[in-house]
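Let chain Z serve as the given structure and place chain H on it in line with the hints.
Letter by letter, the chains look like this.
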Amino acid sequence: MFGNLTNFEGSLFDDLWRMQREMDEAFTRWPWPTGIRSVARGTYPPLNVGVTPEKADVYLFVAGMDPKALDLSIQRNLLTISGERKVPEREGVQYYREERFDGPFRRVVTLPDDVDPETVEATYTDGVLHVSVQRREATRPRQIEIK
Amino acid sequence: MTEKSDVTARGAGEAKDRDDARPVLRPPVNIFEDPHGITLEADMPGVSKDRLNLQVDKDTLVVEGDAKIDMPAGMEALYADVRVTHYRRSFTLSGELEPDKIEASLKDGVLTVRIPKRAELRPRKIEVRAG
Numbered sequence: 001m002f003g004n005l006t007n008f009e010g011s012l013f014d015d016l017w018r019m020q021r022e023m024d025e026a027f028t029r030w031p032w033p034t035g036i037r038s039v040a041r042g043t044y045p046p047l048n049v050g051v052t053p054e055k056a057d058v059y060l061f062v063a064g065m066d067p068k069a070l071d072l073s074i075q076r077n078l079l080t081i082s083g084e085r086k087v088p089e090r091e092g093v094q095y096y097r098e099e100r101f102d103g104p105f106r107r108v109v110t111l112p113d114d115v116d117p118e119t120v121e122a123t124y125t126d127g128v129l130h131v132s133v134q135r136r137e138a139t140r141p142r143q144i145e146i147k
Numbered sequence: 001m002t003e004k005s006d007v008t009a010r011g012a013g014e015a016k017d018r019d020d021a022r023p024v025l026r027p028p029v030n031i032f033e034d035p036h037g038i039t040l041e042a043d044m045p046g047v048s049k050d051r052l053n054l055q056v057d058k059d060t061l062v063v064e065g066d067a068k069i070d071m072p073a074g075m076e077a078l079y080a081d082v083r084v085t086h087y088r089r090s091f092t093l094s095g096e097l098e099p100d101k102i103e104a105s106l107k108d109g110v111l112t113v114r115i116p117k118r119a120e121l122r123p124r125k126i127e128v129r130a131g
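Going down the list, the sequences are from chains Z and H.
This note's numbering numbers the first residue of the first sequence as 1 and each following residue consecutively.
This note's numbering numbers the first residue of the second sequence as 1 and each following residue consecutively.
Any given hint could turn out to be false.
Rough simulated footprint, nothing fancy, chain H against chain Z, three-plus residues with beta-carbon under 8 Å [said to hold, decoys possible]:
#1 53-59
#2 62-68
#3 71-83
#4 99-105
#5 124-130
Keep in mind that the hints were calculated from the coordinates and are not lab data.
Ideal Cβ placement from N, Cα and C applies to all residues, glycine included.
Isolated chain Z (complex conformation):
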């Protein structure tokens, strides 16, 4: 906790480490209960879901996509992401390995009940689709001031 106080140098490398550690920590806690709409592990594309009191964030690991080929829709708190990944098939070559996913995909994510579907935002960077939805104000924990 006090690690930050001693980190005066703040080198880029430290930052990278910190970020990675935070992410690793955030995503390595499990098991989570299995959602009724959940799918088997290994389904393409892999995704992570995280929440803060303000918003819910979904990260889809879909490298090499044309963002236009991604179809996103949200109905209440149900986010559906579908699309098709086309890995070009080369002519006149010999394949040794074909592990990269090719074809249509679809994943449905159940977000917290209090998300506001009007506030969805999506960005695609370095092959990661980041979908962010705000949660409604009323359900956020409030700091109560003592007078």
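Quick look at chain H alone, frame taken from chain Z:
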């Protein structure tokens, strides 16, 4: 011919990772060969150019990268397929390939590595003249 297929078969057979302590993600790859060289494509979503590390040590090609994900502070995970952010995979190259002339590009999290064959070892078509 046997050497070639052997290498590629073995190539994807992963040289042993040295730092076993750190969990790694194995990026899925496509590997194919044409008369002039071998191409490797790897899915490494979240990796940008400055976090990618491509190394050739003697006959071993190491592909490494760190995924960066833009996360808000204090985020609590609800679900995660991806629990590690470090990608790593290594391949053994064969003698007819030219490690010095490897070219690589990264776009939208897909790494493409082109390993050309030595010119003198490319298959030549032998023309049969009529006469």
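- Message: When I compare C-beta atoms, does the segment 62-68 of chain Z have three or more residues closer than 8 Å to chain H?
- Response: n = 4 at 8 Å, threshold three: holds.
- Residue count check for the segment 99-105 of chain Z against chain H: does it reach three with CB-CB under 8 Å? holds (count 3)
- Message: Count the residues of the segment 53-59 of chain Z whose Cβ falls closer than 8 Å to any Cβ of chain H, and tell me whether that reaches three.
- Response: holds (count 5)
- Query: Would you say the segment 124-130 of chain Z counts as covered by chain H, given the rule of at least 3 residues with C-beta under 8 Å?
  - Reply: holds (count 6)
- Item | Residues of the segment 71-83 of chain Z with Cβ under 8 Å from chain H, three needed, outcome | violated (count 0)
Of the numbered hints listed earlier, the single one contradicted by the structure is hint 3.
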